[in-house]
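A.B. asks: One-letter residues, chain by chain:
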Amino acid sequence: MSLLATTLRRTGRRFVSSLPALFGVLVFTFLLMRVLPGDPAVFFASGANSGKEEIEMVRKQMGLDKPIPEQLFLYLKDVGSGKLGRSLTTGQPVVADIRQRLPASLELTFTALLIALLSAVPLGILAALRAGSFIDHAVRMFCVVGVCVPTFVSGLLLVYVFYYMFGIAPDPTGRLDVFTSAAPRVTGFLLIDFLIAGDMAGWLAAAKQLVLPALTMALFVLAPIARITRASMLAALGSDFVRTARSIGLPAWRIVVTYALRNAVLPVLTILGIVFSTMLGANVLVEKVFSWPGVASYALDALLASDYAPVQGFVLLMASIFVMVNLTVDILYSISDPRISIE
Amino acid sequence: MSTATSGTLNHVAWVLRGNPLTAVAAVGVALLCVLAAIGPWIVPYDPIASNVAIALQAPSAAHWAGTDQLGRDVFSRTVVAARLDLMIAASAVSLSFVVGAVIGSICGYVGGRLDRIVGRFVDVLMAFPLFVLAMAMVAALGNRVENIVIATAFINLPFYIRFARAEVNVRRNAGWVESARACGDSHLSVILRFLLPNILPAMAVQISLNLGWAVLNAAGLSFIGLGVQQPTPEWGIMVAEGARFISTGNWWLVACPGFALMVAVLFFNLLGDGLRDILDPRMRT
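Those protein sequences? They're chains A and B, same order as listed. So the first sequence is numbered by the numbering used here: it starts at 495 and just counts up by one. So the second sequence is numbered by the numbering used here: it starts at 204 and just counts up by one.
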C-alpha cells in the first residue's frame, strides 16, 4: 500500500480510459478535414488552369482517389507509425515542422501559466484573508473585467503602452529581434538555449520579446485562477482545523500556507486543466498578434491555404496535450490529497 | 397566484438591492439591443464610406473615435457592428440551446445505451481545445458568417447537453412526471411540456453567461481572418485591421471596437450572475 503504486495504477487506468476519446479525436479530425470544400488537388496542381491529368495525378499522389474508409484506415496507420503527412505549403513533413515550432508555443504558454499562477494565487489568498476589504473588492472587480477583455485587444493595447508610449518593450514581432543571433538549438526553448550557451545578452533579448505575449495570455487566465483560489481559501480558512490551529497559537503564515492553502489547492488544480485548454486556444490569437512562430500560427497559415495535413496534425497535437494535461492534473491530485488515491 | 407573483417580485427586488450591478447590466444589455436595432440610422457617418483625405485621424469633435486607414469613422463602424456581433452570438447560443436542450433531455429521460453513446460523443468534443475546434470547423465548412454561427454553436453544444441531461435526470422520477404519465401523456409530451419548462430557469443563466463567451469567440474567429469579410464592420475584424497601425501609435482603431467587445461581454456576464441569484437561489454564492 505505497502511495507511489496507487498513484501509478490510478494514472494507468486514467490513461487507458482517455484512449477512446483520443481515438474519437483522430476520427473526428480526419472527417472534419475531409469535408473541406476546396479541392486540394486543384489547389496544389500548379494553379487553376492546370490540365485534368495533372490534377488526377496529384489526387492519386495524395491518396484522395481512394474511398473514405480506406483513407481513414491509411491515416490511422500513418499516425500510428508517427507520420502526420507532409505540409504542402512548406514541403516539410508535418512532424518536422511541428517539432521545429512547438518549443516556441510551449515556452510562451508555460511562461504565461507561471506568471498567471504567481500573481493570481497570492491575489486570491489575499482577497480571502481580507474578505470584504478594499483589496477583496479590487481583486473581484479585476476578475470580472479581466475575463471580458479579449486577448487580442489586451495584447495590442500592451504593445501600444509598452512599445509605442514608453518604448521599453522591443518591436513586438517574433521571438528575437533582428540584431540578436539565435543560440545553438538544444531544446528549442530560447531561454534555456541561451543559458546553455552562456549568452546573457541573448537571454535578455529573448526574455524581452517573451514578456508581452506571455503577459497577454496570463491576463486572460488570471481571473478564473484568482477567483477559485479565493473561494477555496475562504472555505479552508473557515474550517475547524484552521480554528484549532489558530487557537493553539501557530504562527499566521503557517496557518495560511501549511493548513489552509494545502487544503485549498485541490479546486485550483481542477481549474488548471480548463485554464490550460483555454490557453491552447488563446495561443492562436496571441501568436497572431505577436507574429510568434509557434505551432498555432503554423496551423492558421495552413488552414487559410487549405493545407490538410498541418491542421490535422495541430488539432491532434492540441487534443493530445490536453489529454496529457488532464492526466498530470490527476496525478497532482493524488499527490496533493492522498485521500483520493485510497478510494 | 398573486402571492406567488409578489413573492417573486420581492425576491427580485431583494436581489437587486443586494446587487445593483444586475440592474445596470440589464439596462446595458437592453441598450445594446436597441443600438443593434437602430444603429445604422443614428450614426453620424456612413460606416463603409471611405475618404482617404482624412485617413488615420485621432479622435476629435467631428470623429469621436477617430478615423481608420481609409478615412472611415471608427465610432460609426463600431456602433453599426453591434448588430452583426450580437446576431452571431445570439443565433449561435439559441442554436446550441435548442439542440442541446432537446438532445440532453432525451438522454437524461431515456438513459441507457443512447445516453452512453451521446456521453462518449460529448467526451470527444470536450477533448478538443474549443477555440481550435471552432477554427477548424469554420475552415471545413467554408469561410462564411453562417459557419461562424454553426461552429460557435457546435462548441457550446457539449455544455448544454450535459447540463440538460443532468437536470432532467434528477427530475425524471419526480412525482409530477409520474402523474403526467398516469394522466396519459406520452414520453415526448412529458419531456416537452413538463421537463423542459422546468429546467428553463437554470438554463437561462447558462444562456446569458454563454452569450458573452460567444461574442468573444466570434470576434476571435473574425480576428484571425475567418468568417466576416471586408469591408463589413465587425468588432473582431476592426481590431485585426487596427493591429497593423498599433505600432505607430494609432490606438483608437483597436481601443474603440475592443472597448465595445469588453462592455458587451461584461454586461452579459453580470446579467448572467444576477439571473442566477434571481432564478436559482440554490446556487447563490
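Just so you know, the hints here were simulated from the structure itself, not pulled from any lab data. A virtual CB, placed ideally from N, CA and C, is assigned to each residue, including glycine. Be careful, since some hints might not be right.
[To be verified] Counterexamples of contact, computed for chain B against chain A with all Cβ distances above 10 Å: (1) Leu212; (2) Asp249; (3) Asn372; (4) Leu464; (5) Asp480; (6) Leu482.
[Said to hold, decoys possible] Sample of chain B residues facing chain A (criterion: CB under 10 Å; computed from the structure): (7) Gly221; (8) Gly242; (9) Trp244; (10) Ile306; (11) Ala337; (12) Asn346.
A.B. asks: Are the hints correct? Go through all of them and say.
C.D. replies: Okay, the hints, checked on the actual structure:
No Cβ of chain A comes within 10 Å of the Cβ of Leu212(B); the nearest lies about 27 Å off, and the non-interface call holds. Every C-beta of chain A lies more than 10 Å from that of Asp249(B), the closest at about 25 Å, which supports listing it as non-interface. No Cβ of chain A approaches the Cβ of Asn372(B) within 10 Å, the least distance being about 22 Å, so the stated non-interface status holds. For Leu464(B), the shortest C-beta to C-beta distance to chain A comes to about 6 Å, within the 10 Å cut-off, and the non-interface label is violated.
Every Cβ of chain A is farther than 10 Å from the Cβ of Asp480(B); the closest lies at roughly 15 Å, confirming the non-interface assignment. For Leu482(B), the shortest C-beta to C-beta distance to chain A comes to about 20 Å, beyond the 10 Å cut-off, and the non-interface label holds. Residue-level restraint check for Gly221(B) is violated (minimum Cβ-Cβ distance to chain A is 14 Å; threshold 10 Å). Using the Cβ-Cβ criterion of 10 Å, the hint placing Gly242(B) at the interface with chain A is not satisfied: the shortest such distance is roughly 21 Å.
For Trp244(B), the interface hint is violated, the least distance from its beta-carbon to any beta-carbon of chain A being 28 Å, above 10 Å. With its C-beta approaching chain A no nearer than about 17 Å, Ile306(B) sits outside the 10 Å limit, and its interface hint is violated. Annotation: Ala337(B) was flagged as interfacial toward chain A, and the flag holds, the nearest CB pair being 8 Å apart, inside 10 Å. A least Cβ separation of about 9 Å between Asn346(B) and chain A falls short of the 10 Å threshold, and the interface hint therefore holds.
Figure legend: structure checked against the earlier numbered hints; hints not met, in rising order: 4, 7, 8, 9 and 10.
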